[in-house]
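Make a model of the complete structure from these sequences and hints.
Chain by chain, the residues:
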Amino acid sequence: MATTRSVTLRVNGLEYEHSVEVRKTLVDFLREDLGLVGTHVGCEHGVCGACTILFNGETARSCIMLAVQADGAELMTVEGLASPEGKLDVIQESFRDEHGLQCGFCTPGFLMTTYELLHTIPDPTIDEIKDWLSGNICRCTGYKDILESVQLAAARLRGEDPLPTSQREHDAS
Amino acid sequence: MKPARFDYYDPRTLAEAVAIRQEHGDESTVLAGGQSLMPMMNMRLARPVVVVDVNRVADSAYVRDWNGGVAIGMTTRQRMLMQHPLLTARVPLLGEAAQYIGHPQIRSRGTVCGSLAHADPAAELPTVAVALDAQLVAAGPHGQRLIAAADFFVDVYTTSLKPDEVLTEVRFPVLPADMVWSFLEVSRRHGDFAMVGAVTGIAVDQARNVITGARLVFCGVGATPRRVVEAENALLGQAPGEAAFAAAAALVSQGVDPHNDLHASVAYRRSVAGTLTKRGLAQALATLAA
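Chains as they are written, first to last, in this note's numbering: chain U, 2 to 174; chain E, 201 to 490.
Note that these hints are calculated values from the structure, not bench results.
Don't take each hint at face value.
Claimed, not checked - Some but not every residue of chain U turned toward chain E, in silico, with C-beta under 10 Å:
id	residue
1	VAL69
2	ARG97
3	ASP98
4	ILE127
5	LYS131
6	ASP132
Backbone N, C-alpha and C fix where the C-beta goes; we use that ideal spot for every residue, glycine too.
Written as structure tokens, this is what we have:
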């Protein structure tokens, strides 16, 4: 029985080669074999979105993929968003500025989904944002600040520089 | 929540995939998008001895012309239903239905053929396949077998595919020129499994103001997609409008045989099936006026 396979893949621009049990899920491989613990394990059956990564440029739920399926693939995880020197990317800064996270457990999944959304639709409507983000669940925030984070990131990626909603609300009170 | 041990193959050709299926039969399971199968394997509701991963089979992710209709390959992803120009032009109903399939991440990996082969009673694509008289293509050791959609869905998670076969293609014929369609679904939250979903199709002779064709197929009201022929027949010859649609809806509510479960009662599913009949027919009809 072929129970292990060799897997070669690129993650966040770096190449890795590992031997892996064929039944190991991709999220477990990323966390345990590659030490990339930014991708989180929530439900382990594809409903919560905490495990969301980019697989050859498209968001995918890594808890319901096998590591062996990533052989030859190009992945991006949340660790790939910030610069190597640690400067946050625009989406991460926007989540910070709009208080789009509390415990942070769901956040890597939301960041990766937002990354694909804004690279596909630079000026999304609120309904498009809600539809795109519908596969990511958050138990803390009530989603309002997450939606505003995405809107702020979209504006900034378009070269605009609006005042964050949270700042406007603070100033008005 | 990790899968039980299994032997894994990722064949590069269809012939290899069929050979593996022939050798292992019902101890093997085909893995395509994995959006339904992997959760079941993680929860150990599915424990295949052999997994046949078909994602690397060459030339299997196509969308192409088929006699003026469309043929969709084994590993074509569901998101293509909303994006591929051949599909949006010739079978837009598939794209409408696909919007109800889970979430974007699911549609990026999930495959059209995989959804059909998995045959979940609440799934959207089997219902559209039945409504549009799709043809399924199964590859086995003895060659290709063509299966009409009406004969393909046998029971919950059960199709007429044999254990040594692989579903390689689904074909949608040219749609009847005079038919307009809608797809509607009710679920608890956006992206959840359908409690009830409805494909409604209607053809109207506008000069005589008379319904000349109707198709009503539902998911979530039985083990397999349910076409309610008695309601279709009741519409023929009627003037299109509220009265005819309400009569059809009543026949649908009575005609379907849904089950009770955690998400919805029998009574509720019957009611929703009727409501979606009326709404769907009205929505489809409105596209004629536009």
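Cross-check of the supplied hints:
no.	hint	result
1	VAL69	6 Å, holds
2	ARG97	24 Å, violated
3	ASP98	25 Å, violated
4	ILE127	14 Å, violated
5	LYS131	8 Å, holds
6	ASP132	7 Å, holds
Hint compliance for this structure: hints 2, 3 and 4 are not met, and every other hint is.
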